[in-house]
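One line per chain: the protein sequences are V and Y, in this order.
Per our numbering, the first sequence starts with residue 1, numbered consecutively.
Per our numbering, the second sequence starts with residue 1, numbered consecutively.
Hints may be right or wrong, so weigh each one.
No distinction is drawn between identical chains; accordingly, a pair holds when it is met within one copy or between any pair of copies.
Stated by the list, open to error - Mimicking DSS-like on lysine-lysine, the simulated pairs with C-alpha atoms at most 30 Å apart in a straight line are:
#, residue 1, residue 2
1, Lys116, Lys248
2, Lys163, Lys286
3, Lys286, Lys72
4, Lys247, Lys265
5, Lys270, Lys285
6, Lys285, Lys138
7, Lys270, Lys259
8, Lys72, Lys259
9, Lys270, Lys116
10, Lys259, Lys286
11, Lys248, Lys265
12, Lys53, Lys73
13, Lys72, Lys163
14, Lys94, Lys259
15, Lys94, Lys116
16, Lys51, Lys72
17, Lys138, Lys247
18, Lys286, Lys247
19, Lys138, Lys265
20, Lys265, Lys116
21, Lys138, Lys259
22, Lys270, Lys248
23, Lys285, Lys51
24, Lys259, Lys248
25, Lys248, Lys286
26, Lys286, Lys265
27, Lys247, Lys270
28, Lys53, Lys138
If you're looking for bench data, these hints aren't it; they were derived computationally from the structure.
Predicted model only: the values in this text are computed from it and were never measured.
Number of protein chains: 2
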Amino acid sequence: MMELKDMTFGIVGLGIMGGSIAQAVRANVLDEPRATGRILACDVNAQALNKAKSDGVIDESYDDSSAADMIKKCDLVYICLYPHATIDFLASHKTDFKTGAIVTDISGVKTLLVEKVQSVLRNDVDFILGHPMAGGAKEGYVNANGAYFANRNYILLPQPWNKKENLDLLKQLVSAMGFTHIVETDYVNHDHKIAFTSQLCHVIASALVESAEDERITEFGGGSFEDLTRIAMINAPLWTELFLSNKKELLGHITNFEKQLDELKRDIEKDDASALEAYLEDVRKKRILMGTHVAK
Amino acid sequence: MMELKDMTFGIVGLGIMGGSIAQAVRANVLDEPRATGRILACDVNAQALNKAKSDGVIDESYDDSSAADMIKKCDLVYICLYPHATIDFLASHKTDFKTGAIVTDISGVKTLLVEKVQSVLRNDVDFILGHPMAGGAKEGYVNANGAYFANRNYILLPQPWNKKENLDLLKQLVSAMGFTHIVETDYVNHDHKIAFTSQLCHVIASALVESAEDERITEFGGGSFEDLTRIAMINAPLWTELFLSNKKELLGHITNFEKQLDELKRDIEKDDASALEAYLEDVRKKRILMGTHVAK
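The shape of chain V in the complex, shown without the other chains:
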């Protein structure tokens, strides 16, 4: 069986995610003297590729037009693109993957992906759906960091076609990259949960920023507003795509959130101190319990 340290990795899209994956693999998988593995990367951004190459993070770089040449050499391909671009890449490179290759993605929505890629999958290529739960306001290879994934959650969505040994290999890889908690689930549940933990939060943070009277409001900040809106330094095209690709789930969560907000509002309007205090006590208990399920 293939060992991680001797595999050829292909990173498609060398932004903050692809770049951090490349750096984490370089530092934690290919760092032993007898490792023969390599990291190849393709991106439209030549600057990112040159930086990664001169840093010794990647061994070979490819642009859009030569991506097929890279794919052909890879034992494991990490597609680090937006959801629709991931679907397009899988479709246009269907015939390029090496026999036996593992292909995985990082897309934040999965139902769309599963529905669209079925027709472009090959029996001799194992496509494993995955979602590294790490994000932030930063973008681009310039912000990539091999330690980015320390103590983070990773979601894997095993499909009927996935080979157990490939799933095991990917788990081994993500653990080596720093992820400490791997959750396995199906794509319906994934999209339902992520619409809450990720998309709803970005909607709330965005609405909160827009409801500010002016940008000088942070002069009156003590940390709360800053914490709630850090993710509002948002990548607009990416999140537009994520919101719309998971619309039904997201709208359901927004509605539930609005109901809770209304309940609080009513208690405040009615000056109902005891209802309010009971509500907040419950919030406190739940949030403390939630903390025990966080990877870090």
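Knowing the structure of chain V, use the given hints to seat chain Y on it.
Frame of chain V, contents of chain Y only:
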């Protein structure tokens, strides 16, 4: 003129705020060899007092029944209590303050305070309204930290009765404690702004926690939900008081926030990618600008 290093400070309420103030004053104001100043503290919690005394943070400790004895000795009294308790303390100790003393508070709502304390203020005691903008999920002296205020905002609300030299002295003190940005405003504006940066954020974080299906949701977390709800490990009695004491302003902000949420919801429902992307681009720009007004 009195110098900070030679003053007797009285801390009323030795929780996380009072405790952190005591530690910051000890470390940054009374740390020079020729300083003759002292820190006295009163609290109902004997354990907190003993700890602060054995740590060398405070010089003398007082309980509820002996608070008057402490107050009589102090050049500067820091009342670190909840809003209503602050009002009660000022009223019941009206005759105890030393002539010429500076008295200041940390209450998160001010209109209520200004309305209620007018009748208990003395001409020979200078009550200065202030609000250290530092907070978090932690409570109690056990979590106090002298470095808690580094790079934070401090709001001062000068009143007609305040003496300039006393305001200057307090500014000097809060700068020494680590605050890097002092904003001066009136109590109406304070309550309006704080209802947004602080209270609205706590309402949102609480509603978000309650709208979660279960406490295991954080297994699917990537940091966003965790960041948005850290402040939901909330002190229920304190925040019940703060919400209700600033009800009108808070309800106004909740309504504005709901309008923004509705706009986003409509764009998502209508699959309006261009409106959504434009909205998020605006959010991003605004939030980046807001970052330039943050003290740290």
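Structure-based check of each hint:
Taking the closest pair of Cα atoms, Lys116 and Lys248 come within 30 Å of each other only inside a single copy of the chain (17 Å); across copies the shortest separation is 50 Å, beyond that limit. Neither within a single protomer nor between protomers do Lys163 and Lys286 lie at most 30 Å apart by alpha-carbon distance, with minima of 38 Å and 47 Å respectively. Taking CA atoms no more than 30 Å apart as the test, Lys286 paired with Lys72 passes in neither setting, with 49 Å inside one copy and 44 Å between copies. For a Cα distance limit of 30 Å, the shortest separation of Lys247 from Lys265 qualifies both inside one copy, at 26 Å, and across copies, at 10 Å.
In this assembly of identical chains, Lys270 and Lys285 lie within 30 Å of each other by CA distance solely inside one copy; the values are 24 Å within and 37 Å between copies. In this assembly of identical chains, the alpha carbons of Lys285 and Lys138 lie at most 30 Å apart only when taken from different copies (14 Å versus 32 Å within one copy). Taking the shortest Cα distances, Lys270 and Lys259 sit within 30 Å of each other both inside one copy (16 Å) and across copies (21 Å). For a Cα distance limit of 30 Å, the shortest separation of Lys72 from Lys259 qualifies neither inside one copy, at 52 Å, nor across copies, at 51 Å.
Taking CA atoms no more than 30 Å apart as the test, Lys270 paired with Lys116 passes between copies only; the shortest distance there is 22 Å, against 50 Å inside one copy. Taking the shortest Cα distances, Lys259 and Lys286 sit within 30 Å of each other both inside one copy (18 Å) and across copies (28 Å). In the homo-oligomer, the alpha carbons of Lys248 and Lys265 lie at most 30 Å apart both inside one protomer (26 Å) and across protomers (11 Å), since each shortest distance falls under that limit. For the homomeric pair Lys53 and Lys73, the shortest alpha-carbon distance inside one copy (18 Å) is at most 30 Å, but the shortest distance between copies (68 Å) is not.
For the homomeric pair Lys72 and Lys163, the shortest alpha-carbon distance inside one copy (20 Å) is at most 30 Å, but the shortest distance between copies (78 Å) is not. In this assembly of identical chains, the alpha carbons of Lys94 and Lys259 never lie at most 30 Å apart, being 46 Å within a copy and 45 Å across copies at closest. In this assembly of identical chains, Lys94 and Lys116 lie within 30 Å of each other by CA distance solely inside one copy; the values are 13 Å within and 74 Å between copies. In the homo-oligomer, the alpha carbons of Lys51 and Lys72 lie at most 30 Å apart inside one protomer (23 Å), although the nearest pairing across protomers, at 67 Å, exceeds that limit.
Proximity of Lys138 and Lys247 under a CA criterion of 30 Å is satisfied intra-copy only: 25 Å inside one chain copy versus 36 Å between copies. Taking CA atoms no more than 30 Å apart as the test, Lys286 paired with Lys247 passes in both settings, with 27 Å inside one copy and 25 Å between copies. Proximity of Lys138 and Lys265 under a CA criterion of 30 Å is satisfied inter-copy only: 25 Å between copies versus 34 Å inside one chain copy. For the identical chains of this complex, Lys265 and Lys116 are inter-copy neighbours only, at 26 Å across copies versus 42 Å inside a copy, given an alpha-carbon limit of 30 Å.
In the homo-oligomer, the alpha carbons of Lys138 and Lys259 lie at most 30 Å apart only across protomers (28 Å), although the nearest pairing inside one protomer, at 32 Å, exceeds that limit. Taking the shortest alpha-carbon separations for Lys270 and Lys248, only the inter-copy value of 12 Å comes in at or below 30 Å, while the best intra-copy value is 33 Å. In this assembly of identical chains, Lys285 and Lys51 lie within 30 Å of each other by CA distance solely across copies; the values are 28 Å between and 47 Å within a copy. Taking CA atoms no more than 30 Å apart as the test, Lys259 paired with Lys248 passes in both settings, with 17 Å inside one copy and 20 Å between copies.
Proximity of Lys248 and Lys286 under a CA criterion of 30 Å is satisfied in both settings, with 26 Å inside one chain copy and 28 Å between copies. Taking identical chains as interchangeable, the C-alpha atoms of Lys286 and Lys265 lie at most 30 Å apart whether they share a chain (20 Å) or sit on different chains (27 Å). Taking the closest pair of Cα atoms, Lys247 and Lys270 come within 30 Å of each other only across two copies (10 Å); inside a single copy the shortest separation is 34 Å, beyond that limit. With identical chains, the CA atoms of Lys53 and Lys138 are at most 30 Å apart within one copy only, with a shortest distance of 21 Å there and 45 Å across copies.
Hints 2, 3, 8 and 14, counting from the list given before, are not met by this structure.
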